[in-house]
Amino acid sequence: MINESVPERQGAALVFLFIIGNSFVFGLARWAGRDLWLSFLVAIVLALPLILVYGRLDTLMHGQSFSEGLHRLFGKWPSRLVALIYSFYAWRLGCLVTGNITNFVQAVSLPDTPQVVMASAYAILVLWAVKEGIEVLARFSSVMVIFVLLILLTALALATTEVDLQEFFPILYDGFWPVFQGAFQLLDFPFLETVLLVGLANALTTKKNSAYKVLIPGFLLAAFFLMLVASASVAILGEEMYKITFFPVFLAIARIDIALFLTRLEVVVGVTFAIGGFLKISVCLLVASKNLAHALGFPDYRFLVTPLVLSIIPGSQWFAKSVMEMNLGATKIAAFTDVMVQIVLPMIFWGVAEIRMSRVRKNKAGKPSGI
Amino acid sequence: MLIVIVLGYVVVGGVELFLWKERPWQEVLVYLLLLSATATFSVLLTIDAQLPVPEPLGTLWNWLQKLWQ
Amino acid sequence: MFFWKKAKGERSKAKGLDRLSTSLEINVKWLKSNLFADDDTIVYRHFRTKEPQARQCVLIHADNMTKHEFLSDYIVRPMMSSSLPKELQGRRLIQHITEQVIQSDGVAVFTDYNKLAEGVVAGSGAVLVEGCNHGISVDAQGWERRSVTEPQTESVVRGPRQGFTEDLLVNVSLVRRKILNPALKVKILDVGLQTRTKVAIVYVEGIASKELVDEVFQRIERIETDAILESGYIEEFIRDSPNCPFPTIGHTERPDGVAGKILEGRVAVLVDGTPFALTMPYLLVEAFQANEDYYHHWIAASFHRTLRYISFFLTTSTPGLYLALVTHHPQLIPVNLSVSIAAARKNVPFPAIVEVMVMGLVFEILREGGVRLPKPVGQAISIVGAIVLGDAAVSASLVSAPMIIVVGITGVAGFVVSKLNDTAVLIRILLVVTSAILGIYGFLFGIMGIMIQLASMESFGVPYLSSLTSLTIQGSKDTIVRLPWWRMVLRPRHLAAKNRERLQRKSRSKTK
Amino acid sequence: MKKGLARIFLLCTMTIVTTGCWDYTEIELRDLVMGAGVDAEDPKVIVITEMAKSIGVGQEAEFEPVVLTTDARSLTSGAHNLANPAGMEIFWAHAQVFLVSEEVARSSILQVLEPIVRARDLRSTMYLLVTKDCTVEEVFKSKPPLVDGVSRHLASVIRLSDVTTDFIPQQVWRFIGDLSSPGISGTLPGVELVHEGGALLPVVRGAAVFKLDRLIGWLSKEETQILALLKGESEGGFFVMDTEVKGNTFPITYEFRGSQFQTKPSVDGENLRMKVSLSLQLGVAGVKGADVDFSDLAVVNDIEGQVSRSFTRRIRDFLGLIQEDYNSDIVGFGQLLWRQEPAIWRKVESDWDAVFRDLPVDVDVDCRISFTGFHAQPIKVRN
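Residue numbers (this note's numbering), protein chains in the order written: chain P, 1 to 371; chain U, 1 to 69; chain G, 1 to 512; chain X, 1 to 383.
By construction, these hints were calculated from the structure, which means they are not laboratory data.
Careful: at least some of the hints might be erroneous.
As the list claims (entries may be wrong) - 30 Å max Cα-Cα, derived DSBU-like pairs, lysine-lysine:
no.	chain 1	residue 1	chain 2	residue 2
1	G	Lys115	G	Lys67
2	G	Lys346	X	Lys143
3	P	Lys243	X	Lys264
Quick caveat, the model's predicted, so the values are computed rather than measured.
Generate coordinates for the entire structure from the input sequences, incorporating the hints supplied.
Take a look at the structure:
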């Protein structure tokens with residue numbers, strides 16, 4: 001189980017589910033309103049270079065785990081510090097996602113069930129999955145991705161009767177600023193959360209696999225899919241409803257009513273949400289425990305899983321105390337850490353890694369002439 | 001309730017330790033520390049559901065802003 | 001391979017060698033008092049060879065394990081009518097007998113009692129000659145065999161009507177007749193300290209990977225138990241994830257099934273005394289495949305496969321989903337339906353969860369009761385169970401009518417995927433419990449748990465879900481759909497990693 | 001082995017942790033609300049619900065509607081108060097219609113809609129209706145002839161909107177969308193009680209006109225027909241018009257077979273104009289006491305011209321009504337302007353009411369008779 005590796009397509013499925021994860025039920029790019037499809041395009045264009053950087057990082061470390069790569073780049077103590085930061089980031093994200101799901105489920109279908117119960121149920125599953133490792137998660141997601149796609153695309157196809165394309169007009173009535181606001185929100189959540197997958201570099205990139213083939217298709221597919229879902233919701237609900245409800249996709253799908261029989265499909269949204277969210281929490285916790293293990297200087301991460309996973313039960317309550325708070329999104333600290341973790345730190349790694357690598361290459365090239 | 005939570009953590013920890021065959025003592029120590037930290041966290045949150053999220057960077061930010069002005 | 005030779009050598013060494021004596025009388029007495037004491041089915045046929053150099057001989061065999069005519073025609077008669085040269089003694093005498101007297105091909109020479117006894121109980125005739133410390137064992141196995149008939153568990157509409165029998169060598173021959181290729185390898189091991197059951201490992205060299213074959217060998221080698229009475233014994237000893245109810249080793253009664261599997265790079269294990277052959281590795285998709293799929297048109301076959309997947313979903317999920325919807329999320333049921341379910345449940349005294357559990361249990365009892373009964377009685381049970389009990393329960397409003405429908409769907413759909421029937425029952429119970437706790441989300445948690453379990457399983461090093469997770473067309477050609485043969489260019493990746501092409505280039509497009 | 005043990009342990013913890021079924025409620029212990037409504041009695045509101053009560057057992061089960069009424073400070077508290085007289089958990093998600101009395105609608109309909117949108121278990125696909133000249137309670141207590149229960153009756157009437165233009169159905173979400181988007185006002189279908197055969201029947205027809213969130217007036221059945229045409233929601237229905245053929249006037253029944261409708265804002269310097277062009281495909285459903293030969297093109301053209309003129313007049317009257325009398329943009333001219341000419345909308349947005357009141361509208365109607373049943377000529381009666 002030490003040499004974990006994941007085939008490319010399974011990896012792409014993992015990335016897809018990770019990005020779709022918990023994000024699609026929320027009103028993504030809420031500020032942009034009817035122009036959100038523009039926000040999506042802008043966000044995709046802005047995110048792609050960064051995703052490429054993540055892929056490049058994976059490639060530079062290939063064969064090694066993230067922590068090993070860090071170690072080689074920065075030496076012992078700085079690498080441990082960075083690993084600690086990433087571990088915390090991943091853990092916090094895991095808690096937030098858990099909070100999202102428990103809040104969603106309570107708000108939407110199980111009002112009397114305490115959130116702790118949902119969180120515990122999730123924690124147990126996640127505990128199991130994380131202990132099994134990345135390979136199992138990838139296999140899990142490659143089966144589930146078929147269901148998720150099938151279910152959501154069917155629901156969307158059925159919803160086309162409700163779609164009113166007029167809702168997208170007028171374009172850019174309120175100017176570009178809301179579009180950019182929406183795009184930045186999309187970058188932070190969920191696009192650049194992909195940075196966590198760099199932590200699984202050695203599993204996603206092997207000699208046969210290229211990291212780009214894992215990250216890029218997964219990311220693009222997920223981004224376009226999210227765009228489709230969000231745009232369809234706007235076209236169904238209208239801009240105003242999209243902005244004022246917590247879970248617009250849920251409402252949009254609830255509108256489907258075909259021949260009095262194909263109705264009440266909103267459960268489908270809950271199902272996909274639960275699956276994607278589960279995968280996201282698992283990946284977060286996997287990364288958190290791997291990085292924490294490195295920060296504390298242990299080669300194996302599995303013994304850390306139980307306490308970390310159990311801590312998301314209180315953690316989910318702690319970070320997201322209510323639906324409102326959860327929807328408020330980034331607080332000050334969150335925005336700052338997100339920028340640091342998603343953009344600044346990977347850029348630094350990338351720069352350092354490239355310089356080191358070119359030196360190594362030069363040395364190799366220089367040797368024969370020297371001898 | 002608190003007793004139930006603590007008991008739950010004790011049971012989980014006990015079972016896991018029992019299932020492990022041989023672990024270096026450092027790992028066991030770290031495991032126990034983390035588990036007790038989690039238990040404390042849970043207990044704290046049960047006592048006060050509105051436990052504030054610390055914002056060290058937020059205060060730093062405020063302080064910087066003040067300094068700027 | 002040499003593993004088992006070594007093992008056997010060790011075994012006999014441990015018991016100590018009891019060499020034959022030159023005196024026939026001593027030998028017979030020893031046998032009667034030691035190895036064959038208290039065994040009245042062992043026959044000692046004493047006779048003498050022809051004068052002038054008449055020698056006392058004895059033919060030892062187990063009654064009814066051998067062909068009597070064979071023994072008398074090819075051993076006793078030639079020996080009685082031949083005279084053995086006086087000057088020959090010991091080993092050379094035996095050589096003379098095997099070469100010039102006995103007219104049979106399966107001849108072996110032994111020098112110790114254990115070998116003799118092993119041969120005799122396995123159906124050979126053993127010949128001992130006065131004044132000679134060697135013996136000859138002659139293959140003369142002959143016992144009652146069942147003829148090759150159509151298997152009852154896997155009957156087909158179209159396809160060969162052959163099924164395995166209880167005889168290992170017959171079974172091997174059935175497989176060999178499907179694959180007339182010297183690359184088909186058959187290795188025979190003895191397993192079971194008491195039963196010494198013959199176990200054949202069958203594979204196609206060059207397709208099955210070497211590691212897989214070695215792994216199977218080693219796992220079977222490791223079995224040290226008293227008895228192997230059925231292939232199920234072996235299955236439990238060598239399977240992966242022994243605690244999981246999903247099968248990780250397949251079994252079939254059909255030679256064409258085995259041939260198909262080993263041609264994809266699997267290894268088959270045939271066990272003497274049972275018509276059920278094991279195939280490994282076994283993946284989840286195989287539970288949804290039937291050998292008839294490959295004989296029908298590919299669209300029809302794909303449709304039937306899809307039906308099987310749907311049925312499996314129905315049989316595992318219907319009670320859980322029903323419970324989740326009715327007790328937690330009535331808003332998801334169309335108005336009129338929920339109104340009529342509410343009406344049907346009005347006077348039912350039990351909560352829905354009890355209803356679901358009890359009815360599920362009753363159904364399983366009826367099924368279990370019907371399975372091993374003689375056919376006419378079994379039908380009576382199903383009539384009593386289904387019609388009388390069901391109808392009476394509804395009209396006495398002990399059970400609501402929708403519940404009967406749910407149980408009915410569950411039961412009927414369960415028969416479609418018979419290979420996973422026992423698994424389905426357990427999953428069903430799990431899903432009912434989780435659904436009762438958290439509604440549709442509980443149901444989903446159950447499903448996700450099962451998926452994690454399935455994703456973490458392996459069968460002989462091959463991921464259990466492997467072809468379902470490939471996400472490529474060539475990888476999933478034989479899963480939910482069956483592509484036509486001329487599109488199945490490659491063998492499954494995980495099974496035959498080195499030698500993947502199974503379709504030659506010129507037949508890759510449909511023949512015009 | 002240890003892995004297996006761990007899994008069994010996991011399962012055990014799962015059951016222990018999750019013991020208790022918080023949201024588990026038997027379906028027969030829930031009281032299914034089929035429809036609900038609100039009457040006003042200042043300062044309180046009266047909440048009326050129609051529930052499904054099952055009678056009979058097993059296969060002979062039937063349903064009887066039961067109407068419950070309670071008064072409370074707000075809709076939500078009223079809804080919760082109902083649990084006590086009902087004696088069961090009130091289950092709202094199956095409610096199909098929601099009735100609002102005229103009085104409530106006139107004071108502010110938002111006070112009713114707000115809790116509906118907020119509530120988890122009320123579906124926003126419910127149909128909204130306003131009672132006219134009667135209270136909600138009276139409507140729920142009336143006896144529809146064929147269907148059990150007023151709510152089911154109303155819901156099935158509303159589904160007839162494909163073949164009738166007496167009313168325009170409105171679901172909660174669509175109405176809220178109209179209220180909250182710029183440049184459009186909402187309408188809701190009205191319910192009246194009509195004496196028929198000695199019984200009071202609820203009938204859906206006409207439309208309540210809203211300005212912001214207040215009801216300000218009513219549209220008759222005929223005016224609703226025009227509104228449906230202008231909103232592009234007319235899909236069927238009949239109307240009778242006195243038609244002059246060769247000097248004689250007969251009432252002819254026409255059938256809507258389809259319509260194309262286009263509104264175009266046009267800007268000429270500072271003057272904003274709206275151009276409404278409507279093309280109608282009509283069928284002839286019945287001719288009373290006349291001898292009209294529809295195979296004669298001249299006759300057909302003449303009839304088409306008459307119908308076009310009549311529709312032009314009706315549309316003008318209708319626009320006059322909503323522009324001057326009600327001053328409520330229920331057709332959505334403003335929204336159209338916003339969508340198609342955002343630059344102009346930006347200028348007029350702030351005083352759209354005034355602009356709308358004086359907005360010149362060109363009406364252009366083009367009628368085609370495309371179908372005359374199976375007869376081109378009337379049945380000849382001979383001696």
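Kindly indicate which numbered hints from before are broken by the structure, ordering the numbers from low to high.
Violated hints: none at all, because every hint is consistent with the structure.
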